[in-house]
Amino acid sequence: MSTLKLTINGEKNPAVDIPDEVMMIEYLHEYKNLTGTKFGCGEGVCNACVIIVDNEDGTKEVKKTCVNSAASFNNKKIRTIEGHAKKDKNENLVKLNPVQEAFIEQFSFQCGWCTSGFVNEATLLMEKLKTNPIKKTDVENVIGDALGNHICRCTGYAKYYEGMKKLILSTDGLTR
Amino acid sequence: MGNSSNLSRRGFLKQCVVGGIAIYSAPLLFGNDKFKTYSNSKLLQSDWKGDSIKPKFRFDAIAKVTGEKIYGRDYRSKDIEGWPSKQSYAFILRVTKANRVFEGINLSSLSNKMKPSVIITADTLKKDDVNFPPFFGKEMLLAPGKVPDYEGQEVAILIFDDFISYKLAKDNLQFNDKVIKYSSTIHPLTTASKAPYSTWRIVREEGLLKDKYSPLQNGLIFPNLENNKPVWPKTGDENGDTLQKAIHYSNKLHEDINNEDWHVIDKTFTTQSIEPAMLEAEAFNGWFDRKTKTMHLVICSQSPADFYTQAGEMLAHSPMGKAVKNLVVHSPYLGGGFGAKDHTPFPYFGLVTLLYSNNPISLANNRFEQFQSGIKRHPFEMKNKLAFDKESKKIKGLITDIEVDGGGRANFSGPVTMVGLSAMQSIYYIPRNDLLGSVYPSAMPIAGSMRGFGTLQTMASMEMMMNEAASDLKVDPIELRRINVFKAGNKNTQGAIPNGDYRYLEMLNMAEKHPIWENRHSKKLQYEKENSDKKYGVGFSIATKDYGTGAAAPSSSVEITENGEIIIRVGYVEMGPGTNTSQGALVSKYLGGLADEVILGEMKAFEVMKQIDTDSPYMISQDKQDKMSKNPQWTPVVHMASAASMSAYFQTHTTDICARLILKHGLYPAAVEIWKTKYFNNAYAKANFGDYTSASWKNGKLSAAGFPPIDLKTLAKKAHEMGLLTGVMVHAFNRWAWASATFDINGVNEDLLIDGLALQYGNTAKSKKKKSNEFSLVNRKTVSYPKTALNNAMVTYLAPCATLVELAISQKSGEVEILNTHTWLEPGTVLVKDLVEGQIEGGLSMGIGHALYESLPQGENGAGNGTWNFSSYHLPLAKDVGVWNMNYTLLPPLSKSDPSKGIGEVVMIPVVSSIVEAIHHAIDKRFYHLPVTAADIKKEI
Numbered sequence: 001m002s003t004l005k006l007t008i009n010g011e012k013n014p015a016v017d018i019p020d021e022v023m024m025i026e027y028l029h030e031y032k033n034l035t036g037t038k039f040g041c042g043e044g045v046c047n048a049c050v051i052i053v054d055n056e057d058g059t060k061e062v063k064k065t066c067v068n069s070a071a072s073f074n075n076k077k078i079r080t081i082e083g084h085a086k087k088d089k090n091e092n093l094v095k096l097n098p099v100q101e102a103f104i105e106q107f108s109f110q111c112g113w114c115t116s117g118f119v120n121e122a123t124l125l126m127e128k129l130k131t132n133p134i135k136k137t138d139v140e141n142v143i144g145d146a147l148g149n150h151i152c153r154c155t156g157y158a159k160y161y162e163g164m165k166k167l168i169l170s171t172d173g174l175t176r
Numbered sequence: 001m002g003n004s005s006n007l008s009r010r011g012f013l014k015q016c017v018v019g020g021i022a023i024y025s026a027p028l029l030f031g032n033d034k035f036k037t038y039s040n041s042k043l044l045q046s047d048w049k050g051d052s053i054k055p056k057f058r059f060d061a062i063a064k065v066t067g068e069k070i071y072g073r074d075y076r077s078k079d080i081e082g083w084p085s086k087q088s089y090a091f092i093l094r095v096t097k098a099n100r101v102f103e104g105i106n107l108s109s110l111s112n113k114m115k116p117s118v119i120i121t122a123d124t125l126k127k128d129d130v131n132f133p134p135f136f137g138k139e140m141l142l143a144p145g146k147v148p149d150y151e152g153q154e155v156a157i158l159i160f161d162d163f164i165s166y167k168l169a170k171d172n173l174q175f176n177d178k179v180i181k182y183s184s185t186i187h188p189l190t191t192a193s194k195a196p197y198s199t200w201r202i203v204r205e206e207g208l209l210k211d212k213y214s215p216l217q218n219g220l221i222f223p224n225l226e227n228n229k230p231v232w233p234k235t236g237d238e239n240g241d242t243l244q245k246a247i248h249y250s251n252k253l254h255e256d257i258n259n260e261d262w263h264v265i266d267k268t269f270t271t272q273s274i275e276p277a278m279l280e281a282e283a284f285n286g287w288f289d290r291k292t293k294t295m296h297l298v299i300c301s302q303s304p305a306d307f308y309t310q311a312g313e314m315l316a317h318s319p320m321g322k323a324v325k326n327l328v329v330h331s332p333y334l335g336g337g338f339g340a341k342d343h344t345p346f347p348y349f350g351l352v353t354l355l356y357s358n359n360p361i362s363l364a365n366n367r368f369e370q371f372q373s374g375i376k377r378h379p380f381e382m383k384n385k386l387a388f389d390k391e392s393k394k395i396k397g398l399i400t401d402i403e404v405d406g407g408g409r410a411n412f413s414g415p416v417t418m419v420g421l422s423a424m425q426s427i428y429y430i431p432r433n434d435l436l437g438s439v440y441p442s443a444m445p446i447a448g449s450m451r452g453f454g455t456l457q458t459m460a461s462m463e464m465m466m467n468e469a470a471s472d473l474k475v476d477p478i479e480l481r482r483i484n485v486f487k488a489g490n491k492n493t494q495g496a497i498p499n500g501d502y503r504y505l506e507m508l509n510m511a512e513k514h515p516i517w518e519n520r521h522s523k524k525l526q527y528e529k530e531n532s533d534k535k536y537g538v539g540f541s542i543a544t545k546d547y548g549t550g551a552a553a554p555s556s557s558v559e560i561t562e563n564g565e566i567i568i569r570v571g572y573v574e575m576g577p578g579t580n581t582s583q584g585a586l587v588s589k590y591l592g593g594l595a596d597e598v599i600l601g602e603m604k605a606f607e608v609m610k611q612i613d614t615d616s617p618y619m620i621s622q623d624k625q626d627k628m629s630k631n632p633q634w635t636p637v638v639h640m641a642s643a644a645s646m647s648a649y650f651q652t653h654t655t656d657i658c659a660r661l662i663l664k665h666g667l668y669p670a671a672v673e674i675w676k677t678k679y680f681n682n683a684y685a686k687a688n689f690g691d692y693t694s695a696s697w698k699n700g701k702l703s704a705a706g707f708p709p710i711d712l713k714t715l716a717k718k719a720h721e722m723g724l725l726t727g728v729m730v731h732a733f734n735r736w737a738w739a740s741a742t743f744d745i746n747g748v749n750e751d752l753l754i755d756g757l758a759l760q761y762g763n764t765a766k767s768k769k770k771k772s773n774e775f776s777l778v779n780r781k782t783v784s785y786p787k788t789a790l791n792n793a794m795v796t797y798l799a800p801c802a803t804l805v806e807l808a809i810s811q812k813s814g815e816v817e818i819l820n821t822h823t824w825l826e827p828g829t830v831l832v833k834d835l836v837e838g839q840i841e842g843g844l845s846m847g848i849g850h851a852l853y854e855s856l857p858q859g860e861n862g863a864g865n866g867t868w869n870f871s872s873y874h875l876p877l878a879k880d881v882g883v884w885n886m887n888y889t890l891l892p893p894l895s896k897s898d899p900s901k902g903i904g905e906v907v908m909i910p911v912v913s914s915i916v917e918a919i920h921h922a923i924d925k926r927f928y929h930l931p932v933t934a935a936d937i938k939k940e941i
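Chains as they are written, first to last, in my numbering: chain S, 1 to 176; chain L, 1 to 941.
Among the hints, erroneous ones may be present.
Said to hold, decoys possible - Below, simulated DSSO-like cross-link-like pairs (lysine-lysine); rule was C-alpha separation at most 30 Å, straight line:
id, chain 1, residue 1, chain 2, residue 2
1, S, Lys165, L, Lys534
2, S, Lys12, S, Lys32
3, S, Lys165, L, Lys54
Calculated from the structure, these hints are not laboratory results. All values derive from a computational prediction rather than experimental measurement.
Please work from the sequences and hints to get the whole structure.
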């Protein structure tokens with residue numbers, strides 16, 4: 001049994017005791033009822049389940065929730081798919097983040113099961129590019145490096161990739 | 001929870017009564033769950049309408065991109081109004097061997113905190129007389145003392161009262177080889193003693209004015225069985241009965257195939273076991289409210305209508321089921337299907353758990369379990385002979401003998417084989433054919449209706465033969481196809497004339513001019529010079545895939561509120577292709593804008609049409625159909641499953657009619673009234689604005705004959721004020737042609753391609769026939785159904801697709817890199833271009849997986865052993881599919897009235913044989929099996 005204290009999408013959660021065996025995705029689903037993070041394979045291959053972790057030292061990363069225990073996220077700040085869009089004071093959704101906008105306008109997803117993983121990974125990429133812009137000619141490769149291990153069964157990936165490419169090239173400061 | 005009248009008030013719609021159980025289809029949970037991440041996403045959602053002509057994004061995009069609960073797997077009991085919040089969990093124990101006697105289960109490794117509260121075994125079900133619906137066969141759970149029929153067969157269900165005990169137990173048991181007890185002695189597989197699931201034979205001999213023999217003209221033929229093998233007569237008779245005639249012509253073809261003037265491609269092709277691998281593994285949630293005798297279910301199914309009926313029958317036949325008076329079924333969005341959520345036994349296991357618990361039960365496969373138990377497509381072994389006249393290069397005949405592995409429990413492999421055979425000819429005219437296919441049981445997991453439905457296997461082999469023949473006959477591969485292309489007036493291998501124009505020549509001509517094709521030989525030299533460690537190849541294939549089942553039965557309703565909101569309801573379930581988006585968009589041509597609401601997967605209000613079906617639409621006799629069709633509520637099929645390639649044409653048909661009738665009888669008369677009152681000397685002359693077909697929408701406003709454009713909101717208000725038609729609900733039936741019927745609409749008889757109708761009128765409508773804001777049944781006056789003999793046509797709606805593949809092969813590893821693909825597709829009228837493009841791209845990816853990567857071994861190393869996952873089963877990644885170089889050409893429709901075609905499957909077929917041909921071009925080696933792996937290629941380099 002371990003203690004788990006988390007900040008989820010900017011909201012501090014009180015500490016809870018959690019069995020060590022519980023994976024993070026199980027914690028999100030069964031304890032927090034946050035089912036936007038999707039279970040795909042359970043062995044860390046498909047990347048549908050990744051969430052963003054904002055570390056204390058300012059670094060950020062995505063982490064798989066199906067193969068990492070909930071306890072391993074103790075004291076972390078995490079961002080799930082549910083936290084990206086802006087809400088008004090009445091909890092109405094009013095604005096998506098740029099990645100979400102790009103994906104919906106590009107018709108990037110179909111069944112949508114892999115989408116939360118793609119959004120998290122792509123959101124992280126956008127944030128990294130802000131501090132480390134890349135050459136325009138490297139955009140395709142960088143997208144491939146970031147998203148290349150995400151499995152999608154429906155789409156053939158093309159519209160995810162096109163959406164990201166358009167977004168990166170049209171966002172100031174990400175390319176040089 | 002209240003009583004059943006409260007159920008109705010909560011928006012459930014009574015679906016039917018089966019065996020005394022009232023079955024309700026419930027609204028999608030989306031937007032209705034108690035726990036909501038956001039109060040309201042409707043503000044953003046409404047932006048989907050874009051410019052009212054082209055959607056800005058998918059109808060379900062906001063929900064999917066923000067992680068809203070919309071999938072069955074998302075829901076827990078606390079999310080659902082009226083359910084207890086405490087959730088219990090279940091999982092299924094399955095055997096991993098099929099060659100031993102199953103002797104029971106061993107749960108001794110479970111500590112106290114892991115123990116299940118309930119264990120359901122075969123003995124439990126036997127005592128309570130609980131059985132599968134007949135479709136799934138016997139032995140829902142295998143009893144000790146029996147030999148399993150297949151690896152992965154279910155033996156017990158364990159129920160746990162809380163998540164932790166469930167999780168710990170599952171972790172403990174899942175890969176524990178002591179959990180299932182087996183005999184020490186090896187036992188023969190049970191398949192050895194079983195008859196084939198089905199056998200099909202399609203024989204045709206062309207004639208001058210009419211065929212000498214064909215299934216459509218003469219009927220179907222079936223063999224006898226001896227020692228569980230199909231046995232056909234050895235001799236035939238040209239003047240004998242149907243079977244004798246067929247055998248006569250078959251024998252003749254088998255003799256003539258040895259003609260020395262013919263060149264015969266005589267090869268055996270084999271395909272692999274494939275996992276559909278939709279990313280949402282199967283899941284179920286349910287609760288049996290014993291107080292109200294109501295069973296509530298959340299199922300992940302492509303065929304909820306069949307589930308309603310079969311679940312009702314399953315319960316009605318069991319004494320335990322008699323405690324159930326109402327069945328409420330929710331059908332949420334699906335995280336992919338590809339056929340693997342169609343007619344699967346999974347939700348019935350979920351249903352069974354509810355009989356043994358007072359708590360809500362969640363049953364959800366993890367990926368290992370999905371591989372072990374989910375529906376597959378198993379190997380085809382195809383012994384093919386394709387004969388060409390050496391001189392003219394024309395096809396003289398096609399013979400095939402296919403053995404299909406139908407898995408361990410009968411499912412859809414029979415129809416899959418039939419469709420595979422009947423579509424095998426693809427774009428070519430075949431003057432004589434003998435196509436034989438048998439489906440055998442095996443010890444593999446269940447095989448059912450995976451995307452492609454057998455045609456990927458057969459048509460890919462057809463294309464491989466065409467490519468090889470071109471090489472042997474020293475003719476250009478596209479020219480050989482041109483010589484043999486199907487033309488107007490030709491009949492297919494069943495003797496039927498396919499619907500519509502065949503634009504194969506157009507596609508062949510385009511492909512021939514593509515630079516990759518034109519320059520393939522010179523580029524090969526250049527590429528290999530610049531990349532000495534690689535081999536370069538180009539391959540081309542074309543296919544035309546049937547869409548439709550011969551018993552399509554879509555229902556739609558469209559209504560306009562007083563405020564001009566458009567609400568659509570369809571029976572189709574959303575699996576990913578974007579049905580809600582396309583249905584919501586297609587109405588804009590009649591209603592001036594996209595829909596505000598598209599409700600899927602619930603047949604809300606369709607009960608108003610009071611339809612009944614009685615027999616299998618495939619087996620019903622002509623006499624019975626004629627007799628039953630006199631009942632204005634009878635239809636061959638009330639509801640259809642949501643399968644690939646079924647929404648663009650079939651579901652669209654009914655939605656289109658609904659919207660058109662609203663324009664004709666509602667919005668256009670409202671416009672005319674406004675025009676003649678305000679812009680015409682109505683008091684002095686009779687208005688003549690032409691009929692509604694002369695009106696058109698522009699920028700969301702309707703105008704005609706030069707009169708001022710009027711927006712939808714104004715027209716809707718007027719239509720309601722006048723009590724005009726504001727809602728239409730229809731049902732249609734298609735057996736390779738639409739049924740048609742006559743209905744009285746506003747005192748005028750209209751002939752429509754539907755067989756069921758209900759109408760709704762605006763606010764001021766006041767009469768028995770015209771109820772305001774409520775659908776009322778309008779009985780048909782006459783009906784004409786396609787003749788039952790048309791069942792033998794098997795396939796007549798076709799959508800062609802061609803793919804050119806350019807690839808490079810590493811000489812070191814044998815790995816294939818897709819450099820470029822170009823796909824030509826004839827989709828008919830495109831409803832939403834982005835959705836069609838998405839299908840092409842996704843289909844290419846799945847086809848690439850079939851061609852190069854995906855395979856499951858047979859036997860105890862196969863999926864049934866429960867150890868398979870994505871780490872061992874390679875699904876194509878972006879790097880594997882040439883993601884930046886997927887190009888396509890959509891052939892424009894021939895006219896404005898061209899229907900949309902079902903293209904969800906054809907897009908994955910030609911890429912397979914194109915890859916095999918490109919590999920041949922690269923390394924001068926033909927392969928006759930799929931997948932062609934890097935190891936296979938490396939051996940040959």
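These are the hints, each one checked on the structure:
The hinted pair formed by Lys165/S and Lys534/L meets the criterion: a straight-line CA distance of about 29 Å does not exceed 30 Å. The straight-line distance between the Cα atoms of Lys12/S and Lys32/S is roughly 13 Å, inside the 30 Å bound, and the hint therefore holds. Only pairs whose Cα atoms come within 30 Å are accepted, and Lys165/S paired with Lys54/L is accepted, the gap being roughly 23 Å.
Going down the numbered hints, you'll see the structure goes against none, and every one checks out.
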